[in-house]
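Undergrad: First to last, the sequence lines map onto chains D and L. Take the position in the first sequence, starting the count at 1, then add 1216; the result is the number in this note's numbering. Take the position in the second sequence, starting the count at 1, then add 1216; the result is the number in this note's numbering.
Bear in mind the hints are in silico, worked out from the structure with no lab data behind them. Worth double-checking, as some hints may not be accurate.
A pair counts as met if it fits within one copy or between any two copies, since identical chains are not told apart.
Below, simulated DSSO-like cross-link-like pairs (lysine-lysine); rule was C-alpha separation at most 30 angstroms, straight line [claimed, not checked]:
hint, residue 1, residue 2
1, K1329, K1449
2, K1506, K1322
3, K1509, K1470
Everything numeric in this text was worked out from a predicted model, so none of it was measured.
There are 2 protein chains.
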Amino acid sequence: MHSQSGPMGEFDLIERFFKTGSASNASNTTLSLGIGDDCALIKPLPGEEIAITSDMLVAGRHFFADADPEKLGGKALAVNLSDLAAMGAKPLGFTLAIALPEVDTKWLEAFSKGLFAFANQFSCPLIGGDTTAGPLTISITAFGSIPTGKAIRRSGAKIEDEIWVSGTVGDARLTLAALRHEITLSESDLKAIDHRMHQPTPRVGLGMALREVASAALDVSDGLLGDLKHILKQSQLDAEIILEQLPTSATLQKQSKAIQNQFAASGGDDYELCFTAPSSKRDVILNISKELKLPLTCIGRITCMKNSSTQIRIQGTDGKLLSDADTAALLRSFDHFAK
Amino acid sequence: MHSQSGPMGEFDLIERFFKTGSASNASNTTLSLGIGDDCALIKPLPGEEIAITSDMLVAGRHFFADADPEKLGGKALAVNLSDLAAMGAKPLGFTLAIALPEVDTKWLEAFSKGLFAFANQFSCPLIGGDTTAGPLTISITAFGSIPTGKAIRRSGAKIEDEIWVSGTVGDARLTLAALRHEITLSESDLKAIDHRMHQPTPRVGLGMALREVASAALDVSDGLLGDLKHILKQSQLDAEIILEQLPTSATLQKQSKAIQNQFAASGGDDYELCFTAPSSKRDVILNISKELKLPLTCIGRITCMKNSSTQIRIQGTDGKLLSDADTAALLRSFDHFAK
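If we strip away everything but chain D, and leave its shape as in the complex, we get (with noise of 0.2 angstroms):
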């Protein structure tokens, strides 16, 4: 990795609060080299390939600038796991490319523990990256390991699979609606969900288990519904989804329907997974949830695409579809929300 020397003393900043904190590597027969030369290197078991996912996190724009630098560290790493998670594949390691307005100790101190906190937690090591100065910028670039062809692609959905998703959605909305003012919950709501924003869990064990299961599947960053169409439009199909299976937490449930319905549909930031699977595969499914103790609930099903582009049909409380400015507005993305 080339460095921009200078102020920053690249090497001491990566020695100090990066490389000591480098968490070890459970099967480190694919991980042959890691921070300290030109390249890390990797070498996946025989039969399996290499999942790489990257991620850009921009303060301002993807975390307030003062964000708690603890939960910011475990955050970055999160989603890219999560991008992982989506595949199926197992965490093996990630590069950290970092630019940093100033070298402030307390602050990389309490990135690098959140930061390797979870890196541990998945046996995902730290090999190699980059630091700079320059405006507060996180870019990960997360790799796992999964059987060749095992994959689990946004392409693969087919006619009358089932639609799902796992845990709850919405909750990352609604702690964000809370911190803009824009919705009051009490103090023991928001401490209830406000780790679903801060502190997102990637479903890695679930991504792995669906393996052979799932046909198609993503993780949920930027809402459910606008999401799903990523893996409509690969699979050249249309859905349909039943409104009141949403799964929602009980916080989220004590506002109103319409709160319910926006932030459960279209909130960004949840970090499940959203994913096809033919009706065959239901107790298998099932299973999975009990063993992972993670809720899994079906939410629709695939339907042959009915014109040229793919299409969301919602059906409502009231069992009737919802007309198109409804659905529009269930499709909004997170940042086009309006109160």
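On the provided structure of chain D, position chain L as indicated by the hints.
TA: Same frame as chain D, now just chain L:
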């Protein structure tokens, strides 16, 4: 790859500027899935491992904010390919995470053109990425393949190894000095060298040829002698450098001897390879030089460590070792260079 949707129209951006321009891979058995899913998938050929490198370039720090976007696109990939070259790896593909202050179609078209020109030249396709709004920041992670165990590491230098450098050094620094008006260059002189700063050539062919020839290698990004220290530190050895041997261009040779020495020894951004090899490999190295039509120059040798920390001793034009102060000045990094 998760995304932050919003006014940028991330998916449109990827489709329009990055997806279609993606190069095809010469050995596409290794690349099973490109852009458009949660992750990319790559599979090394049997007996090969994957080299990984990440670099982050920040506007105003690594390049001028008004830099030619076409050249910038090429350089952003080139600096990563240079890291692959330093390990002896063959480029396989790369991911791009980019923060953009605004959607500037002309800028994006030019950036993408420069990026893919390099990607195509080195058969290194874009396999995934992330786009977001934010201060202009480019983060590339590049992947290369290398036969297992054949990567050229920084730690392999041995006592009495010769130290070599490819091409010439100091021209990128001379270009910067001219642009900063520290030095006046004629238009023709500037034209003769400014590609060294704006469009560096990663020494990919050389890196691959040096497998089983070089004992250690790295690419020169921060300055030749400062970077050489990383080899020495990891190999726990010292070095003796003959100042007169540092290879410089005819343009740099028009400057004062002091400037020549300073820029060649400590100027950054050259992206040449510095490597060590036993003297028994001298003929092989000179043959590689001839075949690649790339000068390779022996600039000194590795010696045993005299103190607790690694040292570089520099032999001046009079055949005598430079004083500690003069040595320190030549080891100064790029950013700290004083006029």
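Undergrad: All the hints need checking, so say for each whether the structure fits it.
TA: Evaluated hints:
no.: 1; hint: K1329 - K1449; in the structure: between (39 angstroms within a copy, 27 angstroms between copies)
no.: 2; hint: K1506 - K1322; in the structure: neither (41 angstroms within a copy, 53 angstroms between copies)
no.: 3; hint: K1509 - K1470; in the structure: within (24 angstroms within a copy, 73 angstroms between copies)
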